[in-house]
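Listed here are the chains, written in short residue letters.
Protein chains: 6
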Amino acid sequence: MDRYKQGFEKLSEIDGDAGHKVIAALQDVCPDLAKYVIEFPFGDIYSRPGLDLRSREIATVAALCAMGNAIPQLKVHIHGALNVGVTETEVKEVIMQMAVYAGFPAALNGMMAAKEVFLERSKK
Amino acid sequence: MDRYKQGFEKLSEIDGDAGHKVIAALQDVCPDLAKYVIEFPFGDIYSRPGLDLRSREIATVAALCAMGNAIPQLKVHIHGALNVGVTETEVKEVIMQMAVYAGFPAALNGMMAAKEVFLERSKK
Amino acid sequence: MDRYKQGFEKLSEIDGDAGHKVIAALQDVCPDLAKYVIEFPFGDIYSRPGLDLRSREIATVAALCAMGNAIPQLKVHIHGALNVGVTETEVKEVIMQMAVYAGFPAALNGMMAAKEVFLERSKK
Amino acid sequence: MDRYKQGFEKLSEIDGDAGHKVIAALQDVCPDLAKYVIEFPFGDIYSRPGLDLRSREIATVAALCAMGNAIPQLKVHIHGALNVGVTETEVKEVIMQMAVYAGFPAALNGMMAAKEVFLERSKK
Amino acid sequence: MDRYKQGFEKLSEIDGDAGHKVIAALQDVCPDLAKYVIEFPFGDIYSRPGLDLRSREIATVAALCAMGNAIPQLKVHIHGALNVGVTETEVKEVIMQMAVYAGFPAALNGMMAAKEVFLERSKK
Amino acid sequence: MDRYKQGFEKLSEIDGDAGHKVIAALQDVCPDLAKYVIEFPFGDIYSRPGLDLRSREIATVAALCAMGNAIPQLKVHIHGALNVGVTETEVKEVIMQMAVYAGFPAALNGMMAAKEVFLERSKK
Numbered sequence: 001m002d003r004y005k006q007g008f009e010k011l012s013e014i015d016g017d018a019g020h021k022v023i024a025a026l027q028d029v030c031p032d033l034a035k036y037v038i039e040f041p042f043g044d045i046y047s048r049p050g051l052d053l054r055s056r057e058i059a060t061v062a063a064l065c066a067m068g069n070a071i072p073q074l075k076v077h078i079h080g081a082l083n084v085g086v087t088e089t090e091v092k093e094v095i096m097q098m099a100v101y102a103g104f105p106a107a108l109n110g111m112m113a114a115k116e117v118f119l120e121r122s123k124k
Numbered sequence: 001m002d003r004y005k006q007g008f009e010k011l012s013e014i015d016g017d018a019g020h021k022v023i024a025a026l027q028d029v030c031p032d033l034a035k036y037v038i039e040f041p042f043g044d045i046y047s048r049p050g051l052d053l054r055s056r057e058i059a060t061v062a063a064l065c066a067m068g069n070a071i072p073q074l075k076v077h078i079h080g081a082l083n084v085g086v087t088e089t090e091v092k093e094v095i096m097q098m099a100v101y102a103g104f105p106a107a108l109n110g111m112m113a114a115k116e117v118f119l120e121r122s123k124k
Numbered sequence: 001m002d003r004y005k006q007g008f009e010k011l012s013e014i015d016g017d018a019g020h021k022v023i024a025a026l027q028d029v030c031p032d033l034a035k036y037v038i039e040f041p042f043g044d045i046y047s048r049p050g051l052d053l054r055s056r057e058i059a060t061v062a063a064l065c066a067m068g069n070a071i072p073q074l075k076v077h078i079h080g081a082l083n084v085g086v087t088e089t090e091v092k093e094v095i096m097q098m099a100v101y102a103g104f105p106a107a108l109n110g111m112m113a114a115k116e117v118f119l120e121r122s123k124k
Numbered sequence: 001m002d003r004y005k006q007g008f009e010k011l012s013e014i015d016g017d018a019g020h021k022v023i024a025a026l027q028d029v030c031p032d033l034a035k036y037v038i039e040f041p042f043g044d045i046y047s048r049p050g051l052d053l054r055s056r057e058i059a060t061v062a063a064l065c066a067m068g069n070a071i072p073q074l075k076v077h078i079h080g081a082l083n084v085g086v087t088e089t090e091v092k093e094v095i096m097q098m099a100v101y102a103g104f105p106a107a108l109n110g111m112m113a114a115k116e117v118f119l120e121r122s123k124k
Numbered sequence: 001m002d003r004y005k006q007g008f009e010k011l012s013e014i015d016g017d018a019g020h021k022v023i024a025a026l027q028d029v030c031p032d033l034a035k036y037v038i039e040f041p042f043g044d045i046y047s048r049p050g051l052d053l054r055s056r057e058i059a060t061v062a063a064l065c066a067m068g069n070a071i072p073q074l075k076v077h078i079h080g081a082l083n084v085g086v087t088e089t090e091v092k093e094v095i096m097q098m099a100v101y102a103g104f105p106a107a108l109n110g111m112m113a114a115k116e117v118f119l120e121r122s123k124k
Numbered sequence: 001m002d003r004y005k006q007g008f009e010k011l012s013e014i015d016g017d018a019g020h021k022v023i024a025a026l027q028d029v030c031p032d033l034a035k036y037v038i039e040f041p042f043g044d045i046y047s048r049p050g051l052d053l054r055s056r057e058i059a060t061v062a063a064l065c066a067m068g069n070a071i072p073q074l075k076v077h078i079h080g081a082l083n084v085g086v087t088e089t090e091v092k093e094v095i096m097q098m099a100v101y102a103g104f105p106a107a108l109n110g111m112m113a114a115k116e117v118f119l120e121r122s123k124k
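Residue numbers (this note's numbering), protein chains in the order written: chain S, 1 to 124; chain B, 1 to 124; chain P, 1 to 124; chain A, 1 to 124; chain Y, 1 to 124; chain D, 1 to 124.
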């Protein structure tokens, strides 16, 4: 299967609607970046064996929360984590743990992002 | 059990010798910081139920690799991850995935840190 | 006095209403993180002798401004600095100085945050 | 020519209205920071020979996109880049390239900033 | 031409020996990351039309200097910039300009990296 | 008094030998950056009234420790803080406090830098 097709399926499996919206927002300004988002992160990396999707999403939520300058992407991947079987409790534990490594502001801003995602999903 | 005692046991379980060396290096310059390292991250956070230690170490390796300015701590937690059952392959997958979120330099520097840790452990 | 009680008093003394709002916003999503915010930063760190509160708030405003990804927390601690006796002029000097260490964008965004806090306080 | 005068002319040449708005927003809260913005970045640095303005703006767009915590300044300098002859295609290439060095979230957030700037300019 | 082959040629053209050493250092620990470094940054991004190589290297030197946590990669790309026609003076101008956006420490550490690269090349 | 002369005196007063070494290391590769280091940070900012030097150095140590990618500059300013009357205990309190805002790795790496500076000074 080619990288684009495999990537699009993986993106849909993990991030669902939240992922499709990111791709749509890029289409008019830079469709090639949309293509790369699908091909490299999802077609190459998330499609690899060697680490289960649940662990991959835990790693991504941790990293984006710690970096602190990627709140929109953190929200997409909190959706992603929940979509592949991470529980809300586990998401909160990962974010709380980031207080240790990236400081309390990173954890607080990450928790507020999680709160929004949980609320959004509870409405559906 | 008090936070310090519980924290010290958790630190020993996870980080082993690499963790003890961090504590020892702090003792002469600032023993209170050593105490806090044991009490808050290990006594409070890593001792919580709600997320297994394996997932906690995956989260920490991801965050420290993505942040890119904490190589000594990344090495300690690559040891920690391996100590609690994460495989070398899984550590490499987590680090490789950080190329997506924090860029290739973060992944490359993280992989070089992993290479050193793997080599050190293979000598024992 | 226990860490929680001491921390809550310190939080109230320093950050006042702005601090209470942070705690309230966490209560429904993750009350344990609210507890840790009170216990470690305020119960352990800000309660230590060895550095006066005025200097502690100068350090925090400097750090949050330099990090650049924690604007909500920067605003809380500009309130905090003013509450413990740092003057508006001194807050502005700290933020301006961050242009040297973290670049002009960090200083500009920090100054806009200060402008909002000053305005909010002048209305009361 | 003195640094302030030379800096103001350079700021006007590069950033135009977007630059003047930054200066205006600082005037009531901290006019000295406005003065330094004009004198050091524009009076000293951008006025130097040795690197053409086009290359300087490419460097600035790259850096601000990679840092990820300076979106307002990134927008000002996307205007700046376009004002000194960088094309929209080139701006997009620089931002896309940042996916390699600072990760996809930095590139995505940078591209959304570029989209807003392009739209704003197309309306005039 | 396939992505790997095109990427390897581009890597060789831009980074030369310094790039080959990075690939070699990855081969025993994680050859797949070496493959991705060749395919995505060099096969996809640097091979794109729309921005000349000289501008691409100026953007990369700026970003890596501003990020401040990727000194080994900064050195590789100072070599790269010089290899594709950026002058030593221009490299220094880009780095000096980063004092404005990322602060003086980033510019100072970047300049020390440049000093080492210039010295190394002058010996050959 | 002109900015350069005033800056050099301020640099000498605050950072002493450690500051002079920074300037010397820049002279052969980029004397203009050395000039700017003296003129803007020291001639303009540290020479301002409105905040005492002790508070300025507390702010700088906090920021550089929190940023985590400027260890050489952190060491220079730990010297600077001690030179203008901040005590070793106060330096340690500032660094320990950064665990709250930038995470434990930043505080640990900052404390190791302080340990080296204290040792170096105790030998004289």
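Be aware that a few hints might be false.
Identical copies carry no separate label here, and so any pair may be met within one copy or between two of them.
Claimed, not checked - Simulated crosslink set (DSBU-like; lysine-lysine; CA at most 35 Å straight-line): (1) Lys75 to Lys10; (2) Lys123 to Lys10; (3) Lys115 to Lys35; (4) Lys5 to Lys124; (5) Lys10 to Lys124; (6) Lys21 to Lys5.
These are calculated hints, taken from the structure and not from any lab test. Note that the coordinates shown come from a computational prediction; the quantities given were computed from them, not determined experimentally.
Hints and how they fare:
1. Lys75 to Lys10: both (17 Å within a copy, 31 Å between copies)
2. Lys123 to Lys10: Result: close within a single copy only, 25 Å intra versus 38 Å inter.
3. Lys115 to Lys35: both (30 Å within a copy, 17 Å between copies)
4. Lys5 to Lys124: Within one copy, since 29 Å is at most 35 Å while 40 Å is not.
5. Lys10 to Lys124: within (23 Å within a copy, 40 Å between copies)
6. Lys21 to Lys5: For Lys21 and Lys5, both the intra-copy (17 Å) and inter-copy (33 Å) Cα distances are at most 35 Å.
Consistency note: the structure conflicts with none of the earlier hints.
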